[in-house]
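Following the hints, put chain B in place on chain A, whose structure we already have.
One letter stands for each residue in the lines below.
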Amino acid sequence: MPIYPTLAVSAAIVVIVVELCVLRSGLFREPAYWISMAICYAFMIPVDGWLTKLSAPIVIYRPEDTSGIYPIWDIPLEEYAYAFALLTAVMLTWDRVGASLARRSVREDVPA
Amino acid sequence: MDRYQYLLLMSACVLITLPLELYFEARVWRRPRRLILALLPAFALFVVWDLWATNTGTWDFSPDYTIGVTLPGGMAIEELVFFTVIPVCGLLTLETVRNILRHLGSR
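Sequence order for the protein chains is A and B. Using my numbering, the first residue of the first sequence is number 281, and each one after it goes up by one. Using my numbering, the first residue of the second sequence is number 63, and each one after it goes up by one.
Hints in this document: simulated from the structure, not taken from any laboratory. Here the structure is a predicted model, which is why all the values come from computation and not from measurement. Note that CB positions come from ideal geometry on N, CA and C, so glycine has one too. One should not assume that every hint holds.
[Claimed, not checked] Label-pair distances were calculated between CB atoms; the ranges are: (1) A:342 to B:139: 17 to 23 Å; (2) A:380 to B:161: 19 to 25 Å; (3) A:340 to B:70: 16 to 22 Å.
[What the hints assert, rightly or not] Straight line, CA to CA, 25 Å or less: simulated SDA-like cross-link-like pairs of lysine to any residue: (4) A:333 to A:292; (5) A:333 to B:132; (6) A:333 to B:130.
With the rest of the complex left out, here is chain A (with noise of 0.2 Å):
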C-alpha cells in the first residue's frame, strides 16, 4: 500500500484504540460525537475539495504516494481517515483536557 493511505489508516486505527484501551472517556458511544462527524465531514468537501481540486492545486499530492482512489472530486480517499484521526484525537484530548482542569476546579466559564 502506498505511504499516505498506509498512514492515515494506521494514525486513524492510534486514535480509535487509544480511546477504547486508554482514555475510555465514551465519545464514540455519543451521539453528539457521529453528527458532529458528518457535519464536518460534509464541510470537508468544499474545503479540502478546494486545497486538492487537480485543476489548480493548493496542496500537490505524489500520485504513487497516494491511493490513487477519489470518490468525491480529486480528494484522495485516505483524506477522510486522516480527517478522522485529526479531529477524533482533539475532540478526545479537548474532553480529557476539560475533565481534569474541572477536577482541579480551574474555572474558564464566566456563568452564562
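Just chain B now, kept in the frame of chain A:
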C-alpha cells in the same frame, strides 16, 4: 491575491464557524487554556507528519497559492494555521451539537 488562497480558505473556515461560538454557546474560543492544551498533542504529531511528508515529497504546497513564508524544516506557515483552524472547527461543531441535544433533551 491568488497567493492568499490557502489563508483565505482558512479565514473562511473561522468566519463560518464563528456563529457557533457567538450564538450557540459552543464556548471553545472562550476557554483558551483548555483549547491550547487540547490542541497541543495532535498539533505536535501532525506537524511532525507534515514536515516528514513535505520533505520526502509525499505532498507539497503550490507556490502560486501560498504566501511563501516557510518555517524551519520547510513547512508552509499555512499548515500551522490549518492545524489550529480545522481542529477548532471540529470542536465548535461538537460543542454546538452537544448543546442542541442537551437542549432538546431537557425540553
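Okay, the hints, checked on the actual structure:
1. One distance hint, 17 to 23 Å for the beta-carbon pair residue 342 of chain A and residue 139 of chain B, holds here, with the actual separation near 22 Å.
2. As the Cβ distance of residue 380 of chain A to residue 161 of chain B is approximately 22 Å, the hint placing it in 19 to 25 Å holds.
3. Judged by the Cβ atoms, the range 16 to 22 Å given for residue 340 of chain A and residue 70 of chain B holds: they are separated by roughly 18 Å.
4. As the CA atoms of residue 333 of chain A and residue 292 of chain A are separated by approximately 24 Å, the hinted pair is consistent with the 25 Å bound.
5. Straight-line distance between C-alpha atoms of residue 333 of chain A and residue 132 of chain B comes to about 23 Å, which keeps the hinted pair within the 25 Å bound.
6. With a CA separation close to 20 Å, the supplied pair residue 333 of chain A and residue 130 of chain B stays within the 25 Å bound.
Violation of the numbered hints given earlier is absent; every hint is satisfied by the structure.
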